[in-house]
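Number of protein chains: 4
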Amino acid sequence: MEINGVEIEDTFAEGFPIKVARVLITAVTEHWALVAAREATGFGTSVIGCSAEAGIESIVGGDETPDGRPGVNIQICNMGYKNLESSLLYRLGQCVLTAPTAAAFSGMSQAEKQFDTGKKLGFFGDGYQKQEEMFGRKVWKIPLMSGDFIIEENFGAVDGIAGGNFLILAQNQAAGLMAAEAAVNAIGRVKGCITPFPGGVVASGSKVGSRYKFLKASTNTAFCTSLREDGVCTLSEDISAVFEIVINGVDKEAISASMRAGINAACRVPGVLKISAANYEGKLGSHQFPLHVVLK
Amino acid sequence: MEINGVEIEDTFAEGFPIKVARVLITAVTEHWALVAAREATGFGTSVIGCSAEAGIESIVGGDETPDGRPGVNIQICNMGYKNLESSLLYRLGQCVLTAPTAAAFSGMSQAEKQFDTGKKLGFFGDGYQKQEEMFGRKVWKIPLMSGDFIIEENFGAVDGIAGGNFLILAQNQAAGLMAAEAAVNAIGRVKGCITPFPGGVVASGSKVGSRYKFLKASTNTAFCTSLREDGVCTLSEDISAVFEIVINGVDKEAISASMRAGINAACRVPGVLKISAANYEGKLGSHQFPLHVVLK
Amino acid sequence: MEINGVEIEDTFAEGFPIKVARVLITAVTEHWALVAAREATGFGTSVIGCSAEAGIESIVGGDETPDGRPGVNIQICNMGYKNLESSLLYRLGQCVLTAPTAAAFSGMSQAEKQFDTGKKLGFFGDGYQKQEEMFGRKVWKIPLMSGDFIIEENFGAVDGIAGGNFLILAQNQAAGLMAAEAAVNAIGRVKGCITPFPGGVVASGSKVGSRYKFLKASTNTAFCTSLREDGVCTLSEDISAVFEIVINGVDKEAISASMRAGINAACRVPGVLKISAANYEGKLGSHQFPLHVVLK
Amino acid sequence: MEINGVEIEDTFAEGFPIKVARVLITAVTEHWALVAAREATGFGTSVIGCSAEAGIESIVGGDETPDGRPGVNIQICNMGYKNLESSLLYRLGQCVLTAPTAAAFSGMSQAEKQFDTGKKLGFFGDGYQKQEEMFGRKVWKIPLMSGDFIIEENFGAVDGIAGGNFLILAQNQAAGLMAAEAAVNAIGRVKGCITPFPGGVVASGSKVGSRYKFLKASTNTAFCTSLREDGVCTLSEDISAVFEIVINGVDKEAISASMRAGINAACRVPGVLKISAANYEGKLGSHQFPLHVVLK
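Residue numbers (the working numbering), protein chains in the order written: chain P, 1203 to 1498; chain C, 1203 to 1498; chain Y, 1203 to 1498; chain W, 1203 to 1498.
Be aware that one or more of the hints could be misleading.
Each pair may be met inside one copy or between any two copies, as identical chains are not told apart.
Claimed, not checked - Within a straight-line C-alpha distance of at most 30 Å, the following computed DSBU-like cross-link-like pairs (lysine-lysine) qualify:
1. Lys-1343 with Lys-1332
2. Lys-1340 with Lys-1415
3. Lys-1476 with Lys-1415
4. Lys-1418 with Lys-1476
Rather than coming from a laboratory, the hints here were simulated on the basis of the structure.
Whole structure, please, built from the sequences with the hints as guidance.
Right, here's the structure in full:
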């Protein structure tokens, strides 16, 4: 299989179940909504070492937000609902409540699982917080020095998927990175998913396990081109850099659509030689996304 | 005291001791250095609920970096060196090692306190990591799919100060926020300090303590203008919004210079009515920055 | 009439006919498409003193571009088709052909009026340019040092409208500007229109004519709050700054939709006291957009 | 000669004399100063088809601006002082006077050549403009709807140099473009110069003359890798893309320092194979910048 002359390997991406909450942050301008969203989703690449996986899903206009102001949808993901509740509490409390002119609404009002994060954060109001009905939603109004902070009482979450992915094998680092950026641009327009790594790109694709007992993941040696002389790298000679795009999303469809959009975009960048995907013989997770199926 | 017609209250900012590490992140372009820096400093506003306080200190050219590439200095701050070491390990491991083309160098080579974070992250190389001398520094070279990750072996840290601050009292929210942004612009040009909150601005200035046992900080009710009718707000009628700028830095001089630059900038924005500062009768910390002294 | 407590004056915006061409610029990444688009639309606020009026209409994904790469739709506007053809030739030749990885496609293939700008720019190929069929379009392939430049042969243009507008009357400059930015954010999501002034905002609303023979437009003295003591300013005392949003678009519907979206957004910003519009007793143009009709 | 393993060809860049004015734009925040600066320097790549060459020279803090607000230094360049005066009048009048909260100061107060652009633009005030002394400068205060526009009366200009340049020969387009971006980052930190092309990069390096009488410049065929089969391309087989960086500046030292900084930066990007420069046997201009001299 080829796209634009680039070979698509017949392999699959291996993902794993994760819990996903969507939060809609609004602010006086798109700029300030983004400021809050970036802070709230930072230090959120992988649950291996971050307290959550997080990213920006989409930017929306006032016609798609409860308060008619510009908004940014973010996703916060964690292993298990208990951890996720904690992540919501800390990330919204420390990064959105503190952000100039920001408000926070649930992006999953219909979800079965609901957390009363807004109510809990209300205690910051020191007794002056008030529950109200605004924009057809049950919210808490917390007095702040810069104005009232409006936060929805309940935030919904669903069973989602982490670790959707594909690999960009390139002639050199720059071509791989340009293609990765183009892929992230494309995925940014797909609903329901995020690319939680820095700039949406993983420079350090990993394998499950390592030679050290204390380390559960280590560099994907078979794809490290600087290990050619060590006889460890299995890549062909023309490839000198590999970037991975990791995708989290609300369901299989969102992940598949993102992979499709991202791979198609990457294959349009000169210097991209091959597309592959990362899988771990089921050691990582139960979700499989075969490239040739996803791209049909 | 007045600056540009704006009254400077005769009060002081109250800060507290914190441990500060500076990390210099370099990358192929300034853009990609910033991408890594933003991820590594995200979810890092306050140690009350974040695993660290963190922010961007400065952007530097290749003439100021070991590898001649564009760079971004970040600060990571935490209570106690043990917590700080953990923050370095997780934030560099999850957000810089994973970032496209990034490298990480110590920004405090001369500090007494040193952590071997680079050596520890080296284990990700699964035995293929190598210690080398590069650019006159002892570094670890960790093979990645996208190229080798270069990280200095040791990262230094010093006794710094958190909680340097001032308050911008404004005619309305927009004037306060514009002034806050102008202040953050100005502080961004001062060496040795960061403004860890979203966009550098605190929308939710707090007081120490609350009426709830489980909550150590709550909204600064005396400065909440929506609590006027409750008789709690002590601000004059012409003020309708207050923003706080919180500054962390390597020493008293950096904090003072930042406050001076920031206040001067804020006072140039129409609609700013008064500058004050937050203090807590010593309950928060031992460092005092009297506005009238700092501004001399 | 009121929106969110803000009075909407019962007046109308006065626009005038202009010729509009839409150009779709694609590039390897969204960033580089935006770089080309910004250069091509710069120095393009008003035909009073610029060689064209120009701006960014929308950012689109690879699924909406002929070559599957990220794209940016820009509009270039001028008085008369002859001037517009010249603007296309110079702006595309100097700012898009020269831009890294850029390609240029017509965004108005169905328009009656067509210019063979692509063919003319082909001469830059010094005889090596080639006409081809690509992506179902007739294009010219011009060899460049950095790769081939692909440009569609023909670019369409239509009779559009310039000077759609509204005025934001605010308590102070910052509130007015925040509201203007929010309005521009909202208009940026409406199809078919641009806001050609810096950041989409006009700081210097004008009236037709002046006391000087050589000057066809001058400051709108009746709205200049610093002329209160001169008895010229007709604004009420509570207003201290007025910003204008000027909108160009392909037709009445695009302008109306933009005004509606922009005004609604502006009225959500605290400190905005009134919305009005600029008109000139028909001296400027034949198109009228009554606020109360547009906002229905 | 080699830098970081990249061959530096023993050739020279050929520049030509141009007149250069520096304008310091200030605004309420750095963001709004940049908005004005970008509009004022847009459509300003080459005097071949633009009304001026223009670009951003540097961003400065309030400690380096007359009014204590954030500022951006731009350069506007043209052939002859008469054209330059016209460019100043139109670009400042249409793009800075119209920009929210902007003010404009001369960045060359000491230059022999001075234009009274501020006085001329004052007529927009329709008789209400006032000459004043502010910040130790003679300025005009022009009443605007959004507040007074402050512009210095006189703007200085000097004999500068255009066309300083170097060529980045790369393994593929992405590597060349990454290196170009890194070079532009580095040049952005050098005082006295601008890179007027889109994003600072020229995708379409040209030669003087063409086979068409009406065309004074055409694609640099000898460097077009897609013309290999035509026997026109003189580049070695390993090179597949060439980007040019064009630099304008106030004097030879600024151009030389920029070339040095830019080339050093470009040579740090993997996939860059050679650095060269563009010259035209003196047909373009009298200034020569030999790479091996500049890089000493």
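If any of the earlier hints don't hold here, list their numbers in rising order.
3
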